[in-house]
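Asker: So the chains spell out like this:
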Amino acid sequence: MPALIAAIANLKGGVGKSTTTVMLADGLAHYYGMNVLVIDLDPQANSSQMLLTERGVQDASDQGKGVHHVLASFMAGKPPSAAPFIMPNAVTLEELRRAEEQDERQGWISSLPSHPQLRMRELGLEEEWYSGSGTPTSLADALAKFFREAFEPLLPLYDIILLDCPPHLSPLARAGLSIADAFITPTIADSVSTWGTKQFSEWVGKFVTPDLAQRNFVLITRFRDTKYARSIASDLREIYLKDRWFGPTIPESVHVLNAMDRAAPDSYDTFRGKYAGVTGDVRRLAERFTDFMTQRTGATWAKVRD
Amino acid sequence: MGEGPGLTPVEYLDRFFDELRTEVRSNPKLAARLVKALGGNVVFEDEAKAEVANPYALAAGPKAKFLSVFGAMKLGDIKKVLKENNLATRVDMNGKSASDLVEMMYSRAAMKVQERKSSAF
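Chains as they are written, first to last, in my numbering: chain A, 11 to 316; chain B, 6 to 126.
What the hints contain is simulated information worked out from the structure, not anything from laboratory work. Here a beta-carbon is modelled for each residue, glycine too, at the ideal position from N, C-alpha and C. You may find that some hints are simply not true.
What the hints assert, rightly or not - Sample of chain B residues at the chain A side, in silico, Cβ under 10 Å: (1) N90; (2) T94; (3) M109; (4) M116; (5) Q119.
As the list claims (entries may be wrong) - Computed list of lysine to aspartate or glutamate pairs in DMTMM-like fashion (alpha-carbon distance at most 20 Å, straight line): (6) K85/B / D271/A; (7) K122/B / D271/A; (8) K101/B / D276/A; (9) K22/A / D245/A; (10) K122/B / E64/A; (11) K79/B / D105/B; (12) K313/A / E297/A; (13) K54/B / E108/B; (14) K84/B / D276/A; (15) K216/A / D253/A; (16) K216/A / D191/A; (17) K88/B / D276/A; (18) K122/B / D69/A; (19) K84/B / E104/A; (20) K88/B / E104/A; (21) K85/B / E50/B; (22) K84/B / D271/A; (23) K68/B / D82/B; (24) K85/B / E56/B; (25) K85/B / E52/B; (26) K101/B / E104/A; (27) K84/B / E56/B; (28) K155/A / D191/A; (29) K88/B / D271/A; (30) K34/B / E24/B; (31) K208/A / D253/A; (32) K313/A / E114/A; (33) K155/A / E136/A; (34) K85/B / E108/B.
As the list claims (entries may be wrong) - To spell it out: a stretch of chain A is covered by chain B in this simulated footprint if at least three of its residues, at any positions, have a beta carbon under 8 Å from a beta carbon of chain B; those stretches are: (35) 265-273; (36) 279-290.
Looking at chain A on its own, in the form it has when it is part of the complex (with noise of 0.2 Å):
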């Protein structure tokens, strides 16, 4: 079955989606064997530093991997590829890295990573399309074009894609929305959070897929179990978004701050270590995502590991 390719993304910037990112990358393919792809479109590049540190995102830059290749492949009128940009490798944990060194691969993550420079050759990209008659809507459907034949040959390779977008709508970022199949949306239980994730809801719905609510799995992050926060999340559940598939409650913690902050391009840990007081968080966040991938591919996954 070719991979469901699945954007996380929230027009509110610090929400948590890339955290929710790694977590659902490490818990796929932990738990379920998955080989899971992570697409990294946010300048920031924060999901492929939790993935590879600084140094092995500037690594991965200067032996051409990452999506800012992708995109200078894209200007120089290249055909659609994306493999050769890809880092194979973006395991952190030592189950993964272990079974593979004894031949026993089950469950793998890769990297098509971000790095700083994203952000001046989008604006290259833009200045360059815009000087023509071209828009940005224009461009962000030929990205769009592009990304869909160059991910087509990998479908087949991975279980899933899971595409980091930035908080905003640039057409690289509106080219992500437009080529998924799902929508992970991290929000936090506050009012602006709340008010945020009504605009990505509209806009994506107006623009991208007006059948969002069945597509939509919703994260509640950050959490701090206050009355306030308590109240919010009650009614994004049970009012604002209750037509959606909801995830697990991920708190706010120093286990997350922890587990994000890797030591070295190669440093592993185990799934326990790695995520200690939150890895029952991780765990379920990952059972529920299946169940929501299964109703959206009627696929169905074991689990290989507890």
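Knowing the structure of chain A, use the given hints to seat chain B on it.
Answerer: Positioned in the frame of chain A, the structure of chain B alone reads:
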């Protein structure tokens, strides 16, 4: 000042400094903050050193200074510094000697400082 048990100013201040001394003895992190605020140059020893030594700050300076602080530490204290500063996981530390771990601490801390410190400063 004249209210209460009728202590002199010196007796009042003695009470304050006694409390401060007691806290500083049991709380090396506070001691390090106070020393830093006063601009002093003092030496922390043994377990206190593991509590207060900042591998990132030391890796930003000469390696010899870094080694003089961490090279003298016991294996358990080195592991504690590595773990508490997110410089190594248990998996990374497994089976490594104290000198291997100090070298790992230096290379990883120096790499992070290099990647994170703005070139404008």
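Asker: Quick check: which numbered hints come out false for this structure?
Answerer: none
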